[in-house]
Amino acid sequence: MKIAVCIKQVPATTEVKINPATNTLIREGIPNEVNPFDLYAIEEALRIKERLGSGTVVALSMGPPQAADALREAIAMGVDEAVLLSDRAFAGADTLATAYTLAKAIEKIGEVSLVLCGKQAVDGDTAQVGPEIAENLGWPHVTYIRKINEIGPSEIVVERMTDDGYERLAVSLPALFTVVKEINVPRLPGIKGQLRAKKAEIPVWTAADLEVDPGRIGLTGSPTQVRKIFYPQHETTAEMIEGSPAEQAAALLEKLRGLGVA
Amino acid sequence: MEYFLTEEQKMIKELAARIADERIKPVAAELDEKEEFPWEIMKVLAEADLCGVYIPQEYGGLGGGVFEQVLVVEELSRACSGVAVSYAATGLGAFPILMFGTEEQKKRYLPDIAAGKRLAAFALTEANAGSDAGAIETTAVRDGDYYILNGTKQWITNGGEAEIYPVIAMTDRSKGPRGATAFIVEKGTPGFSFGKKEKKMGIRASATRELIFTDCRIPKENVLGREGMGFIVAMKTLDRTRPGIGAQAIGIAQGALDVAVKYARERHQFGVPISSFQAIQHMLADMATQLEAARALVYATARMIDAGVKEFSKEAAMAKLFASDMAMKVTIDAVQILGGYGYMRDYPVEKMMRDAKITQIYEGTNQIQRNVIALELIKEYAGRK
Ligand SMILES: Cc1cc2nc3c(=O)[nH]c(=O)nc-3n(C[C@H](O)[C@H](O)[C@H](O)COP(=O)(O)OP(=O)(O)OC[C@H]3O[C@@H](n4cnc5c(N)ncnc54)[C@H](O)[C@@H]3O)c2cc1C
Numbered sequence: 001m002k003i004a005v006c007i008k009q010v011p012a013t014t015e016v017k018i019n020p021a022t023n024t025l026i027r028e029g030i031p032n033e034v035n036p037f038d039l040y041a042i043e044e045a046l047r048i049k050e051r052l053g054s055g056t057v058v059a060l061s062m063g064p065p066q067a068a069d070a071l072r073e074a075i076a077m078g079v080d081e082a083v084l085l086s087d088r089a090f091a092g093a094d095t096l097a098t099a100y101t102l103a104k105a106i107e108k109i110g111e112v113s114l115v116l117c118g119k120q121a122v123d124g125d126t127a128q129v130g131p132e133i134a135e136n137l138g139w140p141h142v143t144y145i146r147k148i149n150e151i152g153p154s155e156i157v158v159e160r161m162t163d164d165g166y167e168r169l170a171v172s173l174p175a176l177f178t179v180v181k182e183i184n185v186p187r188l189p190g191i192k193g194q195l196r197a198k199k200a201e202i203p204v205w206t207a208a209d210l211e212v213d214p215g216r217i218g219l220t221g222s223p224t225q226v227r228k229i230f231y232p233q234h235e236t237t238a239e240m241i242e243g244s245p246a247e248q249a250a251a252l253l254e255k256l257r258g259l260g261v262a
Numbered sequence: 001m002e003y004f005l006t007e008e009q010k011m012i013k014e015l016a017a018r019i020a021d022e023r024i025k026p027v028a029a030e031l032d033e034k035e036e037f038p039w040e041i042m043k044v045l046a047e048a049d050l051c052g053v054y055i056p057q058e059y060g061g062l063g064g065g066v067f068e069q070v071l072v073v074e075e076l077s078r079a080c081s082g083v084a085v086s087y088a089a090t091g092l093g094a095f096p097i098l099m100f101g102t103e104e105q106k107k108r109y110l111p112d113i114a115a116g117k118r119l120a121a122f123a124l125t126e127a128n129a130g131s132d133a134g135a136i137e138t139t140a141v142r143d144g145d146y147y148i149l150n151g152t153k154q155w156i157t158n159g160g161e162a163e164i165y166p167v168i169a170m171t172d173r174s175k176g177p178r179g180a181t182a183f184i185v186e187k188g189t190p191g192f193s194f195g196k197k198e199k200k201m202g203i204r205a206s207a208t209r210e211l212i213f214t215d216c217r218i219p220k221e222n223v224l225g226r227e228g229m230g231f232i233v234a235m236k237t238l239d240r241t242r243p244g245i246g247a248q249a250i251g252i253a254q255g256a257l258d259v260a261v262k263y264a265r266e267r268h269q270f271g272v273p274i275s276s277f278q279a280i281q282h283m284l285a286d287m288a289t290q291l292e293a294a295r296a297l298v299y300a301t302a303r304m305i306d307a308g309v310k311e312f313s314k315e316a317a318m319a320k321l322f323a324s325d326m327a328m329k330v331t332i333d334a335v336q337i338l339g340g341y342g343y344m345r346d347y348p349v350e351k352m353m354r355d356a357k358i359t360q361i362y363e364g365t366n367q368i369q370r371n372v373i374a375l376e377l378i379k380e381y382a383g384r385k
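Here the protein sequences come in this chain order: A and B.
Number 157 in this note's numbering belongs to position 157 of the first sequence; there are no gaps in the numbering.
Number 237 in this note's numbering belongs to position 237 of the second sequence; there are no gaps in the numbering.
Among the clues, some could well be false.
As the list claims (entries may be wrong) - Calculated lysine-lysine pairs in the BS3-like style (CA-CA distance at most 30 Å, straight line): (1) K107/B x K49/A; (2) K117/B x K2/A; (3) K147/A x K117/B; (4) K181/A x K13/B; (5) K192/A x K329/B; (6) K117/B x K198/A; (7) K25/B x K181/A; (8) K329/B x K13/B.
FYI, nobody ran anything at the bench for these hints, they're computed from the structure.
Keep in mind it's a predicted model, so treat the numbers as computed, not measured.
Let's have the full structure, built from the sequences with the hints guiding it.
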C-alpha cells in the first residue's frame, strides 16, 4: 500500500503572533517545526506500513524551500520518500489553492491508496485542507480518526472521534483521513534516521511539474480574503455578594431574575 | 564549557536529552515509587538507535565508543538514573563480548543488543564476594563439551529483565586469580533462574536480582576469552565502564543543580529570592564548579579510552571516584537549598540524593577506586629511576 502524508511546517510556538497591518502571521525570528498534529499522521502511516509488513510512505509538503527541513524530520522518523512542492507561484495560497496543489501532487505520485493528514495546522487552525484534498481527488474522507481498526485491500475500518463518543466507519479505498492526537504516540527520530535524513535528496516539484491550472494556485487561486484577524474578547466581571448565606442566596436569586435567567 | 562534540555526538546527546525531558522526567517519580522496570523507555531508546551507540557498525551499532555511551548515560541520569543504569548495565554486559568475544559470539549477541531487542547484564558479585571478587564461590566444572555452573550471584543489575549474562565462575580454585572463567549465559537456559528482586534506597526503577545456577549446562562455545581469564575479563570490563558510572553521577548532579538554581530564584524568604543570599550563591557556585570539573575528567577519560590508549585503569577509577563523590555532595546541597521542600517527594532532589549514593558503591566502592589509583601511582613511581 502506498500512503501519502501531508505535512506543514509551522512556527514553533504556541503563541502565534499576527501582524495587524498585513493580517499575516509573523514568522521572523521564530524557529519552525513540523505541525504537531502531522506527527501523528506520520506515525500512523509508519504503523500501517509496519502492520502490513510492506508498503511505501511518502511525505509531502507545500511551502518555501526551508520546508524541506520538515520533510527531513519525516524521513528521520522513517518515511521512505519525501517531496517538496515549492514555487513562487504557490505563495499566498489559501486552503482551497493549497488543497488543489497537494491533490495534484498526490495524483502525480500515483497509486496512492491512503492519504493521512493531521486534524489541523496549529498556525491557521482551519482543519480544511485535508477534506478539501479529498474533494479534489473525488475520494471519501473521514476527519478526527482516533483509531484504525482493520486494514483490508479495498476497505479500512476506522474510529472517528465525536463530541460524545466515537463512530466506527468502514471506508472504501482510496481515502483520506485526518487524525487526532489520541491515535498514537509519535516516535522520536532515531540517530540512523537522522543521518539518513541529512543525506537524503528531496525532489522539488514546481507548478510546471504538477501541470496545474495557474488560475487555481497561489494567491490567484485563493478566493479567501482576510479582512481582519483578532482574538475574540471574552469579558467577564465578578461581583461579590455579602451577607449571611440566606441573604446571599436571596440577593443572588434576585440578580438572576433580573437577568432573566431564573 | 565547550567540549567540541562532533556533529554525530551532538545528535546523540540532543536525542538522549529529548528522551530524558519528554519521556523520562514525567514518569521518574512514579517509576521510583512503584519500583517498576522501565520497559517502555527501553523501547524508546531502542527505536532511537541509542542502544548501540558504542557498538561497531558491522554489528548494527553506531560505531561510537565509551564517550558516546557516557553522553547518553549522562543525559538520561539527569531525569532518572534508575532508568540510566538499566540502559548502562546492558553496556556492562556487552563490553566483555565486544572485547573478548569470538567473531561468532559477537555476531550472535551484539546485533540484538545494538537494536535494543535484548538487554544484557554482568554478574560478578556474590553474597561473600563484593570488593573481594576473588572470593567468588560459583563454580563451573568441565563436562565434555559443557561446563556445569553452580552457585548464586547477587545484586545483578537487569537480573531477570536481561537475556544475555556474562557470568564469572571459578573453574579451578587451585589457580587462584587465574582460576576464574567468564561464560555467556542466556536467559531460559535450564538450571538458570532468578531470586528475589531487591528493595533499594535509590535507582528503584532498575531491577536488581539474584541469579541462581543449579547444574546449569553451558556449552564450551560460550566461554568468553579463554578458561582462566575470568578476572581479566571482569577487570578490563570495569575499567571501560567506570566512566559510565561517572556519567551517571554528573547527570544526577546536573539534574539536581538545575532544580536548585531554578528553585533559588523563585523561592522568596525575608522578602527577597533566596538566590540573593550569598550563602546560597556560594553553594550553587561550588556545586557548578565541582560538577564541571567532574564532567571534564569523565569526558577526557572516555575520549582517552576511545583513542585506543592501552592502560587506563587509574584514569577510569579517578573519573568514577571523583564524579560520584561530587554527585553525593551536590545532591545533598541541592536538598539543603530546597530546605524542607527538598526533603519531600514532591520535589525530585531527595530522589537524586538517594540515587547518587549508589554511584559511590557499585562497580567497585570508592575505597576500592582509591586502592586502584594508589596502586597504579606507586607502580608508576617505582618504574621511574
Ligand atoms: C544496586 C546495586 C547494583 C549492583 N549491580 C551489580 C551488577 O550488575 N553486577 C555485579 O557483579 N555486581 C553488582 N553490584 C555489586 C557491587 O559492585 C558491590 O556491592 C560492590 O562491589 C561492593 O561490594 P560489597 O557490597 O559486598 O561491599 P564490601 O566489599 O563488603 O565492602 C564493605 C565496605 O568495606 C570497604 N572495603 C572492602 N574492602 C576494602 C579494602 N580492601 N580496602 C578498603 N575498604 C574496603 C568497602 O569500600 C565498603 O565500604 C551491585 C550492587 C548494588 C548495591
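Hint-by-hint comparison with the structure:
no.	hint	result
1	K107/B x K49/A	holds (29 Å)
2	K117/B x K2/A	holds (28 Å)
3	K147/A x K117/B	holds (27 Å)
4	K181/A x K13/B	holds (27 Å)
5	K192/A x K329/B	violated (38 Å)
6	K117/B x K198/A	holds (26 Å)
7	K25/B x K181/A	holds (21 Å)
8	K329/B x K13/B	holds (25 Å)
Comparing the model with each numbered hint stated earlier shows that hint 5 is the single one that does not hold.
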